[in-house]
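Q: Sequence:
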Amino acid sequence: MTLPAKVKKSKNLSPFEHVYEIVRKIPRGKVCTYGEISRRMNKRLSAAAVGWAMNALGNEKTVSKYNSDNVPWHRVINSKGKLSTHHESAELGDDGRPFKLQRVLLEKEGVRFGRDESIDLNEFLWTE
Numbered sequence: 006m007t008l009p010a011k012v013k014k015s016k017n018l019s020p021f022e023h024v025y026e027i028v029r030k031i032p033r034g035k036v037c038t039y040g041e042i043s044r045r046m047n048k049r050l051s052a053a054a055v056g057w058a059m060n061a062l063g064n065e066k067t068v069s070k071y072n073s074d075n076v077p078w079h080r081v082i083n084s085k086g087k088l089s090t091h092h093e094s095a096e097l098g099d100d101g102r103p104f105k106l107q108r109v110l111l112e113k114e115g116v117r118f119g120r121d122e123s124i125d126l127n128e129f130l131w132t133e
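In case it helps, the numbering used here puts the sequence shown at residues 6 to 133.
Worth flagging that the hints you see were computed from the coordinates, not collected in a lab. In this text the structure is predicted, and so the values were computed from the model without any measurement. Certain hints may be false.
DEER-style ranges, computed between Cβ atoms [as the list claims (entries may be wrong)]:
(1) N17 with F118: 33 to 43 Å
(2) N17 with D125: 32 to 42 Å
(3) P32 with V109: 17 to 27 Å
Think of the CB as a built atom: it goes at the ideal place given N, C-alpha and C, for glycine as much as any other residue.
My request is simple: use the sequences and hints to build the entire structure.
A: What follows is the structure, encoded as structure tokens:
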């Protein structure tokens with residue numbers, strides 16, 4: 006699998022805005038991991054911090070040009086090819102958005118889940 010080139014940092018973007026610009030580039034039917042987004046940023050943020058950026062996205066809808074309507078948050082998953090959640094009920098993801106909604110949105114785009122609830126990164130990982 007060939008990985009895409011790193012995305013150059015814009016001097017005018019905050020680290021979180023840089024995350025959102027990368028996420029906006031993930032095409033329909035593809036996913037990207039928190040760690041891969043970090044790599045594309047030249048590790049400007051850690052994978053965990055990318056998760057924090059995704060969490061903050063939902064809170065910025067009225068104060069920022071980046072929001073859950075124009076940044077495809079549902080296309081960001083963990084390095085195991087799974088939707089991230091620390092909630093046993095799996096009702097909410099790490100970013101506070103409905104866990105089930107993330108799966109529904111991905112499936113509408115043609116992303117398939119295996120029996121273990123994971124996504125085959127060889128098939129669906131965004132590689133530009």
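Q: Taking the hints in turn, state whether each one holds.
A: Status of the hints after comparison with the structure:
Separation of N17 from F118 is about 38 Å and conforms to the stated range, judged on CB atoms against 33 to 43 Å. Distance hint for N17 and D125: a CB-CB separation of about 37 Å, consistent with the stated range 32 to 42 Å. The beta-carbon spacing between P32 and V109, approximately 18 Å, falls within the hinted interval of 17 to 27 Å.
Violated hints for the displayed structure: none, as all numbered hints are satisfied.
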